[in-house]
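K.L.:
Going down the list, the sequences are from chains A and B.
Those letters in the first sequence? Residues 1 to 412, by our numbering.
Those letters in the second sequence? Residues 1 to 243, by our numbering.
Just so you know, not all the hints are guaranteed correct.
Said to hold, decoys possible - Label-pair restraints from in silico Cβ distances:
| id | chain 1 | residue 1 | chain 2 | residue 2 | range |
| --- | --- | --- | --- | --- | --- |
| 1 | B | N210 | A | Y162 | 54 to 60 angstroms |
| 2 | A | G84 | B | P79 | 45 to 51 angstroms |
| 3 | B | S42 | A | G165 | 35 to 41 angstroms |
| 4 | B | T161 | A | S22 | 57 to 63 angstroms |
| 5 | A | A197 | B | S75 | 29 to 35 angstroms |
| 6 | B | N210 | A | V168 | 28 to 34 angstroms |
| 7 | A | N357 | B | D58 | 22 to 28 angstroms |
| 8 | B | P79 | A | L175 | 18 to 24 angstroms |
| 9 | A | S225 | B | D159 | 43 to 49 angstroms |
| 10 | A | N357 | B | D159 | 46 to 52 angstroms |
No lab work stands behind these hints: they were computed from the structure.
Note that this is a predicted model, so its numbers are computed, not measured.
Don't be surprised by glycine CBs; every beta carbon is placed ideally from N, CA and C.
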Amino acid sequence: MAKASKVVYREISKEGAGFYLSLGIVGIVALLGVFAAHYMETSGHHVTGMNNQIVWGLPHVFAIFLIVAASGALNVASIGSVFGKTAYKPLARLSGLLAIALLAGGLAVLVLDLGRPDRLIVAATTYNFKSIFAWNIFLYTGFLAIVAVYIWMMLEPKMNHYSSGVGVVAFVWRLALTTGTGLIFGFLVARQGYDAAVFAPLFILMSFSLGLAVFILVLALSAASEDRPLGDYIVLKLGRLLGLFVAGVLYFVIVQHLTNLYATEHHGIERFILLGGGPITKLFWLGQIVIGSLVPLMILYVPAFNKSKTNIYIAAGLVILGGLSQLYVIIIGGQAYPLVLFPRMEVKSSFFDGVINSYSASLPEFVLGIGGVAVAGVITMIGLKILRFLPVNLSDETFDPHFKKTPYTKEH
Amino acid sequence: MTDQKKSILARRRFLGGMLGMAGVSLTSGVTLFSVGEAKAVSGKVRWGMLIDINKCGDGCDDCVTACAKENGICSTGRPESDPQWIRKIDLRDPKSGATKSLPMMCQHCAEPPCVDVCPTGASFKRADGIVLVDKHTCIGCRYCMMACPYKARSFVHEDITDQKSHAPRGKGTVESCTLCVHRIDAGGSPACVEACSDSAGGAMLFGDLNDQSSEISKRVAKYATRQIRADLGLDPGVRYRGL
């Protein structure tokens, strides 16, 4: 049986232009994101698709996706250390690295979209502790610190003994972190689309699902770039877990909408999201439900499909698209539906009261969002290059407790 | 003088300069703080407004015009991103066909959600009930805009020219009706209220809701008035009659 302690890890060692070229390209995308943010800040946000109706836009979709995925990416490590599943332990280090990288990328987008990003020091020194945003500042920075310690304990042989304990702390902290992120919306009493406690568990499940989907693809890319063939056993195992998480997200989505449908006061927002016929409705049914949930579930659970690594990668990609769609529906859809100040009355004003608000993202917003993804990419690539995050042997031998070498087993 | 002594003296001068600068910064801070302390407002007062929409004209927007003039708010030709501190909302009951019109602005809640959600405390409520934004600590996250049930807050999307010294504004920060706090502190009343009583129907009444002898308190006690979205329990300082 493969024991985590016996697994040999090594930095990305392949020499040549390939790695640096990839790093350069991802780095340029990250820089473009910074330029986009600078343009938005100096010109003012009127150059974006955001306005006084849709105050949070595409940058927030990307930022929250990355933040939510960050805590989920740590799950692989948690399953190994908290739940004692040894098959996952060899991947715990990569899991920690990805968690830090994704969170840093998400926070970069969030901060650079502020009206006054130059006042970050104010946000870091002046707190209103009734604000979930202020709590999140501590939850996010605390997460970075805890995961950094966790990684150190995994990397340093003398500290390995403590890594399980820190893993438990990290697991509890990540649950709090995603609760905090979900409650950014859950605590918004004014808006029909939010103001629901279900956002906390929904975001926790979303983080499980999105974080694992990103992890699977990053693992596959890392293995491919190093010519370290990835065994079927671990990928199919991760795929089965992903299926469970996708089903969990779908369950909470159903709860979210059914509870709203029960209350008459929320029929308007539900009609808008589920039946309105606009881009939000299409994104909900096609992006979130079909592409992001039903198709991946079919791939991950139907035996004819779930035995292929390629199919698992496709499912992971679809889950990511579904997650982006879901966050778009939550963030943009929730604001597009007008505030209800006078129930059962027709209202109009010069400030767009009573109308469904439209939003189309501008190029700078998109570049800023993708820039955040690139920041996560740069951190992951540099991490893999300079520290021993990735097992040398990614074949079934490393992960499968029942692995037996056969004459046909390739040596890696 | 030896090189070593020169170097020590240079270091002392540098450190002295730094200390001096720190002292100046600190002193100015202390000075600002003490001015703020000297003008501390009383919590015994709760400024509020009563709007009688039976007197509010359908096509009249004198309150909006007066606010814009008083606070230097002008259109950029981009209505979706232009700030609005006060607006007129036209209502129509689809069953009866009855129409009404009313002004909507920051309701200066006793329990303001914008203050609750603001991460830096830039959104704050004065002791006398006026809800304001500290333009120096607002980071432009717009969470308060997400939280406000009245759509009372606006984000400044572009550079602002011709600002009024009594109503500082800034690109990248959030703003809303200040209840003309500068006028109130000088013993006056909000510009919208003044305009409404001067040339329009006199639909807006301003006063101290905590003072039972004030006209606003008497009318609130006498007539049925409503707070918008009273279900949220925010206790807005603006009440409407005839809704």
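K.L.:
Range hint 43 to 49 angstroms: satisfied by the CB atoms of S225(A) and D159(B)?
P.N.:
holds, 46 angstroms
K.L.:
In this structure, is the beta-carbon distance linking N210(B) and Y162(A) contained in 54 to 60 angstroms?
P.N.:
holds, 59 angstroms
K.L.:
Should the hint that S42(B) and G165(A) are 35 to 41 angstroms apart at their CB atoms be regarded as holding?
P.N.:
violated, 54 angstroms
K.L.:
Look at the Cβ atoms of N210(B) and V168(A) and judge whether their distance stays inside 28 to 34 angstroms.
P.N.:
violated, 53 angstroms
K.L.:
Confirm or reject the claim that N357(A) and D159(B) have a C-beta distance inside 46 to 52 angstroms.
P.N.:
Violated, since N357(A) and D159(B) (Cβ atoms, about 24 angstroms apart) do not stay within the stated range.
K.L.:
Just tell me: holds or violated, for the beta carbon distance of P79(B) and L175(A) against 18 to 24 angstroms?
P.N.:
violated, 43 angstroms
K.L.:
Between N357(A) and D58(B), is the Cβ distance one that fits in 22 to 28 angstroms?
P.N.:
Given about 25 angstroms between the Cβ atoms, the range holds.
K.L.:
Does the Cβ pair A197(A), S75(B) satisfy 29 to 35 angstroms?
P.N.:
violated, 41 angstroms
K.L.:
Is it true that the C-beta distance of T161(B) to S22(A) lies inside 57 to 63 angstroms, as the hint says?
P.N.:
Between T161(B) and S22(A), where Cβ atoms are some 47 angstroms apart, the hint is violated.
K.L.:
Range first: 45 to 51 angstroms. Now tell me if the beta carbons of G84(A) and P79(B) are that far apart.
P.N.:
With Cβ atoms ~59 angstroms apart, the hint is violated.
Hints 2, 3, 4, 5, 6, 8, 10, counting from the list given before, are not met by this structure.
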